[in-house]
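*Asks:* Work the whole structure out from these sequences, hints included.
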Amino acid sequence: MATKKPAATKKPAAKKTPAKKPAAKVPAKKAPAKKPAAKAAPAPKAEPAPAAEAGAPKLIPSNPTWETVKIARHPDRPLFTDYLNAWCPDAIELHGDRLVADDPAMFAGIAEIDGERVVIVGHRKGRTTEEKIANRFGMANPDGYRKAMRIMRLAEKFRLPVIALIDTSGAFPGLDAEARGQAEAIAKNLADMSVLKTPIVVVITGEGGSGGALGIAVGDRILMLEHAIYSVISPEGCASILWRDGAYAPVAAQALKVTSDALLSLGVVDRVVPEPKGGAHKDPKKTIETVRKAVLEELRALKDIPIEELLERRYAKFAAMGRFAK
Amino acid sequence: MAWFTKAPEAPLRVPAEAIWCICKKCKAYIPRDEYIAAHKVCPHCGYNGRLSARERIAQLADEGSFREIAADVIAHDPLKFEDASGSYVAKVTAAREKTKIGESVVVGHATLDSIPVVLGAMDFAFMGGSLGSGTGERILQAAEAARKARCPLILCTASGGARMQEGIISLMQMAKTCAAIQRLRDEGLLYISVMTDPTTGGVSASYAMVGDLNIAEPKTLIGFAGRRVIETTIKQKLPPEFQTSEYLLEHGFLDKIVARKDLKAFLAKTIRLLTAAK
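Residue numbers (this note's numbering), protein chains in the order written: chain A, 1 to 326; chain B, 1 to 278.
Just so you know, these hints were derived from the structure itself, not from any lab. Among the hints, erroneous ones may be present.
Claimed, not checked - Restricting the straight-line Cα-Cα distance to at most 27 Å, the calculated cross-link-like pairs of lysine-lysine (DSS-like) are:
(1) B:K278 <-> B:K40
(2) B:K261 <-> B:K235
(3) B:K148 <-> B:K264
(4) B:K278 <-> A:K70
(5) B:K27 <-> A:K197
(6) B:K261 <-> B:K24
(7) A:K277 <-> A:K70
(8) B:K80 <-> A:K132
(9) B:K24 <-> B:K264
(10) A:K303 <-> A:K286
(11) B:K237 <-> A:K132
(12) B:K237 <-> B:K27
*Replies:* What follows is the structure in structure tokens.
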């Protein structure tokens, strides 16, 4: 509840931030990237190069995809907690993976939304600086993925459908995360979710960052907000590998095709949920309501499908991804 | 021209690679025959040199038993991807020509010590063994073939992770392969994952880690996030043994580390013990 209010009251101020924030962010990111850029200057050709070589603060021209990336990461974009507070303020959070820890970066719990009893899991980024640090900016540890799976098993047992809200830049890259088996935790979730005997509705609400997103994003219906992104690697990461300079992120984002319309045509996403003009942060309340309606609609449609058929369809859906006509 | 008038900087010599293999780790020179006979394991430092998919299959499958499946499944370019150094199509074509295989994994039916199995081996030389749509489809077909034949599936992984040139389609291969393997396992069939150097990123976070048995070769790099990414995130130096197979064994994610020379015998023995295969 507390997080909802500031988001709403901040709205007038928020109007300024989109213009200011990315502008402030760009030079900050450029600075460390300058050195490798100088070395790689001859390699990247075509459009971005002239701008790159012109002056000291190299600027890669933006493009529509990059604007979407900025909206998906907008500080005022509704977060998991905002959805939860609006949909089911009396949801019961369930903690812990029963192995080592409870990961605050991942929410798991049971709730009732418009008369539907559901299990909800999702990445929790946090709004305030304290929350963000505590939640590792929404980057979950293996404990988080295992907790989510444990509660999804509970959903299976009691035949509650699962709603998974995806908003993470990726799984946490840390020493403990590796020691406790980040790879194994995600892999296990992919395998287990593919046969989980209950409907699963996935919504990519903000950032769908690679394996960290996919770790709770195997489902029967994959929804995506209009200005959300979903990618195998962050544009910055891709740019630093393939362009040898993270500053080429806008170019990489475009090449990776991370936007909802592209993913819909690739068959990775089933339905795009429209956002208010300018992005979800312009009217969080309306966005949250639109998503709620879409999720409930999908959920109710899935409930009528016999479970064996549902699993068959889920398998066929993922098996078809990346299968191309010769 | 008389031999003694030849310039000293152009000496007559056979290239070292024709006779010697050089260990990537300790840089020791090893006679080529000896190195090949030892399945590319360095006799000095014990480093497991990378095997191609064909070499791996030759090591594990009984001679002449391998029948490749899904060979017609090759990489596609769903994003029309192009980066600073050229198009994905050009890169994948070059990889195909270099490795003489159609994708980063080769799968097929084989017998292993007379036991019928479906065997797959990844090839790091094919775009870093990256997981593309063709790779995922081949693995799915391997899992389905094993399910149909009701025999064990063995996959030897060697991969840097997802193939970013295929974007989201590459990421989806993680879910796709895991789903196919889960079906196999749910039907009471055996899946053994053999992790070889390196097994990282999207491959470690999918089919490599969901084996009924997860085994690895000694001193293999296995991990999810890259070492440098972790070091910059947590701002501390990582121990040298971090993300090695020995490290994973210690932390409980591997059933066993098996030396390359013992691998075939180990697989045969465990399959017989678990499934009563003859």
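*Asks:* Are the hints correct? Go through all of them and say.
*Replies:* These are the hints, each one checked on the structure:
Of the pairs offered as hints, the one joining K278 of chain B and K40 of chain B is violated, with about 30 Å between alpha carbons and a cut-off of 27 Å exceeded. Restraint check: the Cα-Cα separation between K261 of chain B and K235 of chain B comes to about 39 Å, which exceeds 27 Å; the hinted pair is violated. Between K148 of chain B and K264 of chain B the CA atoms are separated by roughly 23 Å; this keeps the pair inside 27 Å, and the hint holds. With a C-alpha separation of about 60 Å, the suggested pair K278 of chain B and K70 of chain A falls outside the 27 Å cut-off, and the hint is violated.
For a cut-off of 27 Å, the pair hint linking K27 of chain B to K197 of chain A is broken: about 53 Å separates their Cα positions. Between K261 of chain B and K24 of chain B the CA atoms are separated by roughly 19 Å; this keeps the pair inside 27 Å, and the hint holds. This hinted pair checks out: K277 of chain A and K70 of chain A have alpha carbons roughly 15 Å apart, not beyond 27 Å. For the hint linking K80 of chain B to K132 of chain A, the alpha-carbon distance of about 37 Å lies beyond 27 Å, and the restraint is violated.
For the given pair, K24 of chain B sits about 24 Å from K264 of chain B by alpha-carbon distance, which is consistent with the 27 Å threshold. Pair hint K303 of chain A plus K286 of chain A holds up; C-alpha atoms about 26 Å apart against a cutoff of 27 Å. Taking the CA atoms of K237 of chain B and K132 of chain A, the gap is about 24 Å. The hint holds against a cut of 27 Å. Proposed proximity of K237 of chain B and K27 of chain B is supported: the alpha carbons are some 26 Å apart, at most 27 Å.
Checked against the numbered hints above, the structure breaks hints 1, 2, 4, 5 and 8 and satisfies the rest.
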